[in-house]
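Using the sequences plus the hints, can you model the full thing?
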Amino acid sequence: MSSVIDARGLSCPQPVILTLNRLKEMDKGKIDVLVDTDTSKENVSRAAMSKGWQVKDVQPDGQGYRVILEKT
Amino acid sequence: MKNILASRWGIIVVGALIGILATLLQKLGNPANMGICVACFERDIAGAIGLHRAAVVQYMRPEIIGFVLGAFVAALLSREYRPRAGSAPIVRFILGVFAMIGALVFLGCPWRAVLRLAGGDLNAILGLAGLTFGIWIGTLFLRGGYDLGRTQSTYASVGLLLPLTMLGFLTLLFLHPQIPGEPKNDILFYSVKGPGAMHAALFISLGIGLIVGILAQRSRFCTMGAIRDLVLFRQTHLLGGFLALLVFAFLSNLVLGQFSAGFENQPVAHTLHVWNFAGMALAGLAFCLAGGCPGRQLFLSGEGDGDAAVFVLGMIVGAGISHNFGMASSPSGIGLHGVEAVFVGLAVCLFIGFTMRKKIA
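So the protein lines, in turn, are chains F and E.
29 is the number of the first residue of the first sequence in my numbering; add one for each residue after it.
481 is the number of the first residue of the second sequence in my numbering; add one for each residue after it.
FYI, nobody ran anything at the bench for these hints, they're computed from the structure.
Quantities reported herein were computed from a predicted structural model and do not represent experimental measurements.
Virtual Cβ for every residue (Gly too), placed ideally from N, Cα, C.
Honestly, I wouldn't trust all of these hints.
Stated by the list, open to error - Listed below are the simulated DSBU-like cross-link pairs for lysine-lysine, each with C-alpha atoms no more than 30 Å apart in a straight line:
hint, chain 1, residue 1, chain 2, residue 2
1, F, Lys99, F, Lys58
2, E, Lys482, F, Lys99
3, F, Lys84, E, Lys482
Said to hold, decoys possible - For each label pair, taking beta carbons as the anchor points, the in silico distance ranges come out as:
hint, chain 1, residue 1, chain 2, residue 2, range
4, E, Gln632, F, Lys79, 40 to 50 Å
5, F, Met77, E, Ile667, 46 to 56 Å
6, F, Gly90, E, Ser812, 53 to 63 Å
7, F, Pro88, E, Met836, 29 to 39 Å
Put into structure tokens, the structure is as follows:
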């Protein structure tokens, strides 16, 4: 199961709230989170790792990043 | 490149350094338990440009200028400068106004609340409890889908406007420096007594402001976020920095002989527990709804966030309103209209919180 969260342009802590809500719905799988600031990238990664998810990759995406989270 | 200052230990080191630098500023001339106070210093800036005429709190504080310009330089060097704006600016302005009004009922922002406690002012416990209560209300709105909407990428010049404003303030400070004993030099007001007359030398204040601006931009230091993340996510990352500030400011105060525990006769403080609590509850709720503490809003402004800049301007204007209409407290107690101000502020924040909710799918 794969899904995308578009958190670009959202203020703190919205990107983390959206990510954690999605993690709750999915036991495992792959989630791409789109963010536009380094702070959001760090916050989303930290929150996902605290829930046992891995940050598989962080890719530049437009003016921001695509944070790829995975749990197998 | 990995950002070391944003790590677990990085933010703890930053909090510790801020605690030490703030208490050092007190030794070097800033008011007691007010080495760094974002709300107080923005209030002093409002006084310096005559937005209010409270003669004891007028000074163009170089620390605030340094915070924004330091964060701006750090963001440029780390390629994090991203001009953006357009997320409910009028709401952010109003939240800034009431955050300031609440903070001035307590007599300090979250930064000063911690510095007051670190100096032995036990009234700060009520302020920090109120701050936590206000933030907790804010997290209920966040859980319920409260959201100010997305920002848009915009022209580089939009993000430059607040850093340029600060550069303008600095230019005014150089062009019209303080004349000893004079309340005014050309257009800038200067306190000749009271907290506004107490300050470290210009270059020391500016230098420490720049250092804190750089460190805080890199580490994402946020006092409101520390409590919010604990309440909302049970995350303690930002809390590490906040607690390090408290512990190291306390230790530094002991070394510098600046610690004196008690409720009575604390510097620039009053002992009205209910209003210490309520003022900071209002400020905490406003900071939470706006997504950052007053310091963080300055650092975000330096990164090009035009909405954070609007919040900052809201706080400066709010200081003018607060003093002009008798809402600000003083060591002798709360202002003539402080009570109404808190109730109106809470009502406005609740209105914003209840009405700006998106259904989270």
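Does F:Lys58 lie within 30 Å of F:Lys99 when you go C-alpha to C-alpha? holds (7 Å)
Please test the hint of 40 to 50 Å on the beta carbon pair from E:Gln632 and F:Lys79. 31 Å Cβ-Cβ, so the 40 to 50 Å window is violated.
Do F:Pro88 and E:Met836 keep their Cβ atoms within the hinted range of 29 to 39 Å? holds (32 Å)
Distance restraint hint 46 to 56 Å, applied to the beta-carbon atoms of F:Met77 and E:Ile667: holds (52 Å)
Taking the Cβ atom of F:Gly90 and the Cβ atom of E:Ser812, is their distance within the range 53 to 63 Å? Given about 56 Å between the Cβ atoms, the range holds.
What's the verdict on F:Lys84 and E:Lys482, does the C-alpha distance respect the 30 Å limit or exceed it? holds (16 Å)
Between E:Lys482 and F:Lys99, is the straight-line Cα distance small enough, at 30 Å or below? holds (23 Å)
The structure fails to meet hint 4 from the earlier list, while all remaining hints are met.
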